Amino acid sequence: MNHTIALIALSLGLSACKGEVSLNTDPAPAATQTTPTTPAATPTTPINTADPGVPNAAPKLVLNADDATYYLRSISQMLVSRPLTASENDQLQREGGDAVRPIIEAWTSEPGFVDAAKYMMQQKLKASGDRDGIDFEAPGRLVAHLVANNRPWSEVITSDYCIDATGAQADCDSGAPYRAGVLTTRAFLAGNASRFNLGRASRLMKVFACRAYPMEDTLQPYLPKETLIPMFRASNAEEQTVEEAKGAFGNGDECYSCHGQFGAHAQFFVKFDQTGMWRSDATGVQDPNGELGRSVDGLMTSHMEDMSAKAFEGSKMFGKDAANLREAAQTLAESRAFVPCAVRNVIEYTFGMTDSEGEEIDRELLSTVAARATMSQTVDPTLATIIVETFTDPRVVDVVISARGGLQ
Amino acid sequence: MRFWILCLALGAVGCGDGQLAMLQDDATSNFSESLPSAQNPPADEEPLPPAFTLPREYAQLLPFHVRMKKLASVTGADTQDPMFDLVIRNRYGLGDHNFGQGVGADLTWSAAKMSVWVRAMQPVCASEAMRNRYPSLPEHLNELAVAAYGREVNQEDLELVDDAIADVTDPEQRYEAICLAMLSSMEFVGR
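Going down the list, the sequences are from chains A and B.
Going by numbering that gives the first Met the number 0, the first residue of the first sequence is number 0, and it counts up by one from there.
Going by numbering that gives the first Met the number 0, the first residue of the second sequence is number 0, and it counts up by one from there.
For reference, chain A alone in the conformation it holds in the complex:
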């Protein structure tokens, strides 16, 4: 037995070269440590998909047959759940780089591509399986439906229907009087429920805008301090007037640097209880006998000071008024952050990158690919378009081919 284990270990060591490794898929956001007290931080370069300098034409890939084959072999299993076929290998040998785009385009009509998209978003949203009668498969089913039917990718958060277990269009299960794709599934809402609705807001920004708090205020302007409950107005220890918040938890004493933005997004979730159900009677008022950040009856506390504002599920998304989560999702989907974030997500997924590794992806690459995907469409791009434009980008190809050379 020991002998076998030793051989296994030896085999593993050679196979993996680095021995046992870990894959941290969800490290803590990195951008919350050094925030100025004045919320004018612009920590990242704004992404602008409408950059007029971005070329619209699909770039030509000049690759020899071996490199083209190597490239597609390195991504095929994650994108289409299979190795290359004999006919694809033949095509690559004949056409070299010219074969890359048509092969990837053909992949997007395969069932394996739908499965890949579903899996990618299940990982991003942390939603699969079931628990306590909550259907955690619902987000994945909607993703699969949208991809299989070539629906715009923005519908992942704006769709006015969900997909039930039989595959039919159905109402989303949160009971809200509006629908916002995966955002109005109990899986998303219950899976990310937390005090002050911080988990829901964080997941929304992380997955669909690729932003952590604090983000650039040119994207999400800060709420006026006076609109927030006192504990979130503080920019330093001296400004903190609330006893429970004087312990400098979370981001230290600089509450406002994050919560001045958090508050805007968390408010969209104030009517959803911790099981993901929409509740018309939600007040957003702190439970006087409960944990800080929790309202009564499984609901969460609002960031807002005004009593009517606490209970109102409308707020501002990226500076624009939105009456509810549906309108907020529409603004997010139309924002300069949405498509570049989708590009980043597919790169992270395909190459097995962590969030922190994804954070290092060149913003210009993301915006260039997003612009090409967007400008080639008369409607919002599909995930298929985003993926085709991503994996036919010369700079993406270059990374893979260069790594091959470096590893030999």
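What the hints contain is simulated information worked out from the structure, not anything from laboratory work.
The reader is advised that the hints may include incorrect statements.
As the list claims (entries may be wrong) - Covered, in the sense of this in silico footprint (three residues per stretch, anywhere, with C-beta under 8 Å from a C-beta of chain B), are these stretches of chain A:
hint, segment
1, 72 to 81
2, 263 to 276
3, 348 to 356
What the hints assert, rightly or not - Label pairs and their calculated CB-CB ranges:
hint, chain 1, residue 1, chain 2, residue 2, range
4, A, Q92, B, E142, 17 to 27 Å
5, B, S114, A, D320, 56 to 66 Å
6, A, G289, B, A71, 49 to 59 Å
Stated by the list, open to error - Cβ-to-Cβ under 8 Å is the rule here; a few derived chain B residues that face chain A:
hint, residue
7, L47
8, P49
9, A50
10, F51
11, L53
12, Q59
13, H96
14, F98
15, R118
16, P122
17, A125
18, S126
19, V145
20, Y148
21, G149
22, V152
As the structure is a computational prediction, the values presented were derived from the model and not from experiment.
All residues carry an ideal CB built from backbone N, CA and C; glycine is no exception.
Starting from the structure of chain A, add chain B where the hints point.
Coordinates of chain B only, in the frame set by chain A:
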């Protein structure tokens, strides 16, 4: 014993290539010579830095559903076929996910996972479906390589297999050793 030596060898084929461990030719890329890129921009432009860095430190498994699809493709059987019962029964130990139950996808390739995976491959390798598609090994190794790896078998593969089974005379043992090694190699289960 034979299996582990062979698996070691096949696993080593992918060594160093990380997630790109697919091809084994030694041809140096001419990509940078032919395409304006971060490495070789036009003369009048500043070179762009690499757009991102691949996580070369990691040897990762393919997602569980991808491995299942590949097994189904190699054998020609449905993923619900009883030959996969052990795989399904151990799915979470092999890296599948169920976030509702608090189980995230774990794509690390560990000794424990490899051991479970190999045991789960034994019914697959003993199945009628495999025998129908690949009646004998290594005689049908090329067909198996095409189905499992998406490429034809090469001389290096053949030499590794020949060396590993040189003194194994029993055809059944040879078949099982080669089959287990192929279906447990990093080139099959990983990226």
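Hint-by-hint comparison with the structure:
no.: 1; hint: 72 to 81; in the structure: holds (count 7)
no.: 2; hint: 263 to 276; in the structure: violated (count 0)
no.: 3; hint: 348 to 356; in the structure: holds (count 5)
no.: 4; hint: A/Q92 / B/E142: 17 to 27 Å; in the structure: holds (19 Å)
no.: 5; hint: B/S114 / A/D320: 56 to 66 Å; in the structure: holds (58 Å)
no.: 6; hint: A/G289 / B/A71: 49 to 59 Å; in the structure: holds (50 Å)
no.: 7; hint: L47; in the structure: holds (7 Å)
no.: 8; hint: P49; in the structure: holds (5 Å)
no.: 9; hint: A50; in the structure: holds (4 Å)
no.: 10; hint: F51; in the structure: holds (4 Å)
no.: 11; hint: L53; in the structure: holds (5 Å)
no.: 12; hint: Q59; in the structure: holds (5 Å)
no.: 13; hint: H96; in the structure: holds (5 Å)
no.: 14; hint: F98; in the structure: holds (5 Å)
no.: 15; hint: R118; in the structure: violated (11 Å)
no.: 16; hint: P122; in the structure: violated (19 Å)
no.: 17; hint: A125; in the structure: violated (19 Å)
no.: 18; hint: S126; in the structure: violated (20 Å)
no.: 19; hint: V145; in the structure: holds (6 Å)
no.: 20; hint: Y148; in the structure: holds (6 Å)
no.: 21; hint: G149; in the structure: holds (2 Å)
no.: 22; hint: V152; in the structure: violated (13 Å)
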